[in-house]
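Generate the whole structure from the sequences, applying the supplied hints.
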Amino acid sequence: NAGVMQNPRHLVRRRGQEARLRCSPMKGHSHVYWYRQLPEEGLKFMVYLQKENIIDESGMPKERFSAEFPKEGPSILRIQQVVRGDSAAYFCASSPFTWGRYNEQFFGPGTRLTVL
Amino acid sequence: AQTVTQSQPEMSVQEAETVTLSCTYDTSESDYYLFWYKQPPSRQMILVIRQEAYKQQNATENRFSVNFQKAAKSFSLKISDSQLGDAAMYFCAYRSAMNYGGSQGNLIFGKGTKLSVKP
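Chains as they are written, first to last, in the numbering used here: chain R, 854 to 969; chain X, 56 to 174.
No wet-lab data here; the hints were simulated from the structure. Since we're looking at a predicted model, the values are computed, not measured. Backbone N, C-alpha and C fix where the C-beta goes; we use that ideal spot for every residue, glycine too. Heads up, none of these hints are tricks.
Just the calculated beta-carbon pair ranges, DEER-fashion:
(1) X:T75 / R:M858: 32 to 40 Å
(2) X:T115 / R:L891: 31 to 39 Å
(3) X:S85 / R:K897: 19 to 27 Å
(4) X:K173 / R:K924: 46 to 54 Å
(5) R:K897 / X:S97: 14 to 22 Å
Heads up, simulated PhoX-like pairs for lysine-lysine below, C-alpha to C-alpha not over 20 Å straight-line:
(6) R:K897 / R:K915
(7) R:K880 / R:K904
(8) X:K166 / R:K897
(9) X:K128 / X:K166
(10) R:K897 / X:K169
(11) X:K128 / X:K110
Written out as structure tokens, the structure is:
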């Protein structure tokens, strides 16, 4: 069973461009979480999605950031009109879900976004 | 809102010795999970150990053990017989155990402690 996959691993964008980060959860996992890690910081929660639904986006910046997890295909984190402050490592984690039981989040290797 | 605090930005330990990393947290919930994650230079997040708040017994995983003090809201990690491969950033994290309409809750991380291991 392959782990959580993220691509690209490294992404360089110029200010004003769009960045698209992809996350393929582990097989059988229907829940995806996105986290951002700024330099010298811990991971900060951004958004939690289930298939075709955004469950919690309380950590997402109000502008330029969006996320989706379609019925088919990977989850996408999209950043429009990137700025230097968006430079960070973006991690995706996936989990299965069963009521009443602990469900571990499994992390992908992250995408390092550099904005020039 | 819950918060996690790691007061040691950097720690150093001699190979084969024991080191303890500190973590405190703040919450009004009674049911939650606490974690220690390791992040080596590869940046991959690796789960080291997990503690369930309702369990009084401290979790142990081989050379890694925790000292969970629920009343004090303290959750320290002890690494015994330190190895060169233990050098990494270590993050303490909190997660609610409540289910809200299917939500399992996101992880809340501290800022991390950078552990160096001296040969």
